[in-house]
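Taken in sequence, the protein lines are chains A and B.
Residue numbers are given in our numbering: position 432 of the first sequence equals residue 755, and the series is strictly consecutive.
Residue numbers are given in our numbering: position 145 of the second sequence equals residue 468, and the series is strictly consecutive.
No lab work stands behind these hints: they were computed from the structure.
Keep in mind that a hint or two might mislead.
Identical copies go unnamed one by one, so any copy, or any two together, can satisfy a pair.
[Unchecked claim] In silico DSBU-like cross-links for lysine-lysine, where the CA-CA straight-line distance does not exceed 35 Å:
(1) Lys785 with Lys463
(2) Lys587 with Lys463
(3) Lys584 with Lys463
(4) Lys587 with Lys550
(5) Lys587 with Lys685
(6) Lys685 with Lys584
(7) Lys550 with Lys785
(8) Lys685 with Lys550
Given next are the chains, with one letter for each unit.
Number of protein chains: 2
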Amino acid sequence: MQCAGAFRTRILTTYRIVTRRVDSCSVSTLPREEPARPLVQTLVPGPRSLELARELQEVSEARPIQFFHDPQQSFGNYVADVDGNKLLDAFCFIASLPLGYNHPNLIEAAQSSLWLPHLVQRPALGYSAPPEWVHTLRTKIMSVAPQGLASVQMTCGCGASAVENALKAAFIWKRTLERDCVDPSPTELESCMRNQEPGSPNSMVVVSFEHAFHGRLFGSLSTTRSKPIHKVDIPAFRNWPVLPFPESEQDETRCLELVEKTLKGNRVAALIIEPILSEGGDLHASPAFFRGLRALTRRYQVAMICDEVQTGVGATGRFWAHEYWSEGLEKSGPGTSTAAAEIAPDMVTFAKKMQASGFFFKPEFLPPQAYRIFSTWSGDPLRALQASVIIDTIAADRLVERVRIVGDYLSQALHGLNHPLIERIRGRGTFLAFDLPSPARRNRFLQDMRNRGVVVGGSGTKTVRLRPALIFDTHHADILLETLASAMASQQ
Amino acid sequence: MQCAGAFRTRILTTYRIVTRRVDSCSVSTLPREEPARPLVQTLVPGPRSLELARELQEVSEARPIQFFHDPQQSFGNYVADVDGNKLLDAFCFIASLPLGYNHPNLIEAAQSSLWLPHLVQRPALGYSAPPEWVHTLRTKIMSVAPQGLASVQMTCGCGASAVENALKAAFIWKRTLERDCVDPSPTELESCMRNQEPGSPNSMVVVSFEHAFHGRLFGSLSTTRSKPIHKVDIPAFRNWPVLPFPESEQDETRCLELVEKTLKGNRVAALIIEPILSEGGDLHASPAFFRGLRALTRRYQVAMICDEVQTGVGATGRFWAHEYWSEGLEKSGPGTSTAAAEIAPDMVTFAKKMQASGFFFKPEFLPPQAYRIFSTWSGDPLRALQASVIIDTIAADRLVERVRIVGDYLSQALHGLNHPLIERIRGRGTFLAFDLPSPARRNRFLQDMRNRGVVVGGSGTKTVRLRPALIFDTHHADILLETLASAMASQQ
């Protein structure tokens with residue numbers, strides 16, 4: 324596993340990050356190279372992390388903190404912690420770092436005078452944007468718009484806000500269709516102020532799937548079905564249906580029949596689904612299943628929202644994971660782009676690796692009136708500027724192609740281990756996962772890996788999920804695999 | 324009005340911003356002084372703004388944009404637009420700029436190497452924070468914690484997320500009290516996955532007030548009651564009650580009786596209220612009314628959430644507007660601090676002028692289990708660093724005291740105008756408002772003021788709201804008053 328030299332010659336793009344230098348003197352203290360291997364000096368979390376957690380817990384929530392990282396000492400695929408450890412990071416802040424730590428392109432761009440004012444005052448973008456906002460959206464963010472989705476709405480700060488606003492757009496669209504009139508009636512305007520029908524369409528629902536995760540605010544949480552700890556004690560929209568996610572390809576027909584029954588029998592504004600159910604345990608379905616959902620949502624005039632908060636931005640080997648939905652259709656030659664347009668969801672949400680949040684949508688989902696999808700800040704220009712550099716770097720360094728190559732390598736090597744305790748290896752690109760025999764075993768494994776210098780994450784009940792940055796290379800994969808092998812050996 | 328020299332000698336603090344210089348060469352292009360007066364070269368929005376809006380609307384929502392600002396040319400209380408106008412800004416991105424534009428303290432701090440890594444990768448603060456996060460929360464954010472509120476939870480990006488998470492904390496607290504057991508039962512854990520009782524406490528409610536604004540996501544929107552355009556077509560929690568906000572001090576007893584009836588007759592987790600109903604039209608009630616709410620919420624074991632997203636951070640002449648609730652009690656001598664603790668709400672939300680969002684809370688509102696108030700990013704360290712500098716600058720320059728002085732000056736001058744069309748001048752500090760005779764007249768006035776070089780905002784149906792930065796001075800007030808007088812003269 325140590326040497327993957329022969330394989331590495333196949334890699335098309337040059338791994339430029341380690342050879343580039345950060346030139347600006349103002350950041351001379353930032354590291355410029357990755358360590359050759361993880362460096363582990365204490366247990367993780369170490370004593371300094373534990374002390375900081377204790378101090379933080381006195382005034383705020385610190386219990387979920389795994390360790391305190393040192394942003395000044397982290398670089399590339401390696402996160403440094405405050406106890407002097409340098410860990411190979413294949414989890415990357417819960418799947419949210421596309422270019423690893425302190426990427427030179429970002430460091431350079433961030434020192435531009437263009438960024439500075441946005442750092443010192445946050446503009447209310449919906450009320451008064453700066454001119455570069457137009458440029459950022461039109462030429463950068465829209466350059467990665469999924470096929471068929473010609474508009475974008477940025478939202479404030481997190482994936483949940485992207486989902487909540489996409490759901491709002493779906494409700495407004497559906498109600499506008501239902502009433503066959505753009506403007507709400509006086510009765511609707513009056514009743515909504517009391518949270519009552521018809522203005523508040525409380526019998527209208529959103530359909531989501533078992534094990535789905537779409538966020539933790541009140542609307543998004545009503546569609547989340549992954550774990551009780553997220554949902555218990557919080558009121559939910561009680562009539563929003565939950566449907567089974569197929570347990571196998573054989574199960575997909577049954578599930579699609581249930582979807583059809585539900586769409587037929589309810590007043591449904593939207594169906595929301597992740598291309599890979601991530602938080603819920605890295606659950607996959609076939610492209611045909613998603614195409615089936617698309618056909619049904621189209622037939623019953625239901626908005627199809629594809630939640631790519633975790634799957635988006637390259638890690639699956641495509642920029643958007645839902646691009647795989649055309650698999651099998653691609654070879655059909657003429658009519659391919661028609662087919663791709665046919666399967667396009669109506670909206671695609673993003674956050675995490677974009678570092679900014681929002682959703683792409685078909686123009687018909689723009690509310691007919693202004694101020695209906697709105698908030699004071701309506702996004703964050705700094706985070707959008709970051710997204711611009713990320714998008715450019717992914718294109719210039721052909722990182723999505725790299726992810727496919729490194730992902731294949733990693734996946735094959737995982738299968739090659741043929742370890743009796745490692746079950747159901749699955750995934751796309753480097754967005755990989757496998758199961759261990761029990762939740763306790765999985766949790767011990769995560770801890771053990773970290774203490775050996777490699778950070779990986781959990782999902783579902785007994786799944787290990789790999790969520791490295793897009794700059795994760797085969798030699799990082801080798802270190803991960805070695806560490807995994809020794810961790811597994813010690814568990815037996 | 325031109326000269327307020329005699330008055331100005333009373334001002335305690337030196338207005339340091341215009342004399343400080345930005346030294347770093349990397350920002351030499353940023354302006355360092357305010358213009359002496361507004362500079363108006365075109366209508367606002369001008370042709371360049373209109374063109375940018377047209378371009379933006381092709382891919383995103385641009386209809387609510389009033390004009391495009393130029394962050395590189397804005398300074399202090401003056402916002403530059405892309406058409407070369409320099410406008411005195413008494414609205415400040417919908418009440419969200421505490422220190423105006425490009426404040427030297429922020430410019431200087433933002434160039435520190437400490438900020439840089441947070442600009443290039445957004446950490447998942449709930450999962451792995453950097454060490455300075457502990458410092459920022461403990462010594463900066465907590466330094467402005469309202470009395471009695473010893474904990475803080477930062478949230479992602481916007482005021483609505485602060486409110487939604489505060490509401491979640493209230494529900495978790497109330498359910499934990501109700502079941503008299505920290506851990507939810509197996510039945511609760513199972514039923515919440517289907518959005519059903521008892522796990523989803525759908526008969527438990529939040530009480531809010533007519534004309535209130537608390538945000539636009541699904542939970543917060545259910546408590547917002549300001550305008551139908553925010554609410555229509557979006558499902559709401561149908562049993563969450565709305566109560567009248569007093570129309571006058573004489574009306575307060577009736578309103579409190581209705582509150583008591585509602586708290587008695589329902590399963591209420593929280594009552595949420597703004598200290599000044601801002602978006603709804605700058606509606607005020609007496610300190611005694613708020614103390615009455617506090618007494619009732621305590622009696623019926625209901626969490627009292629004070630929503631200070633718009634009112635917080637100094638503009639009312641106190642750091643938090645709810646500090647005024649002790650008015651009348653302060654003179655009672657001994658027992659004052661007990662009285663202040665008695666009236667403290669259970670949670671206080673913030674965003675806007677803090678530039679970061681979250682809520683302060685009494686430690687008993689920390690959920691008994693981890694991961695219940697959580698999200699990937701769980702805040703934004705950049706925006707919290709900004710908040711730190713803002714907090715330090717407000718203290719060092721005694722800006723809250725300044726606001727009281729400038730606010731008194733501005734309020735007296737507004738009254739002094741004695742204009743027949745200006746009604747109900749009201750407010751605290753520079754957080755001032757008045758009414759015009761009709762919505763059409765108010766809207767024309769806002770437009771007219773902007774074309775004369777001064778930005779003010781609207782709220783409610785016919786209210787003009789002033790929301791200048793905390794560095795707004797008496798000579799800015801003079802320009803505002805002059806411009807107002809000529810705008811009014813042209814309307815007659």
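A quick look at each hint next to the structure:
1. Within a single copy, Lys785 and Lys463 get their C-alpha atoms no closer than 38 Å, and across copies no closer than 40 Å, so neither meets the 35 Å cut-off.
2. In this assembly of identical chains, Lys587 and Lys463 lie within 35 Å of each other by CA distance neither inside one copy nor across copies; the values are 39 Å within and 55 Å between.
3. When the C-alpha separation of Lys584 and Lys463 is checked against a cutoff of 35 Å, the pair qualifies neither within a copy, at 41 Å, nor between copies, at 55 Å.
4. For a Cα distance limit of 35 Å, the shortest separation of Lys587 from Lys550 qualifies both inside one copy, at 28 Å, and across copies, at 33 Å.
5. When the C-alpha separation of Lys587 and Lys685 is checked against a cutoff of 35 Å, the pair qualifies only within one copy, where the shortest distance is 23 Å, while the shortest distance between copies is 47 Å.
6. Only within a single protomer do Lys685 and Lys584 lie at most 35 Å apart by alpha-carbon distance; the minimum there is 26 Å, versus 47 Å between protomers.
7. Taking the shortest alpha-carbon separations for Lys550 and Lys785, only the intra-copy value of 13 Å comes in at or below 35 Å, while the best inter-copy value is 47 Å.
8. For the homomeric pair Lys685 and Lys550, the shortest alpha-carbon distances inside one copy (32 Å) and between copies (27 Å) are both at most 35 Å.
Hint compliance for this structure: hints 1, 2, 3 are broken, all remaining hints hold.
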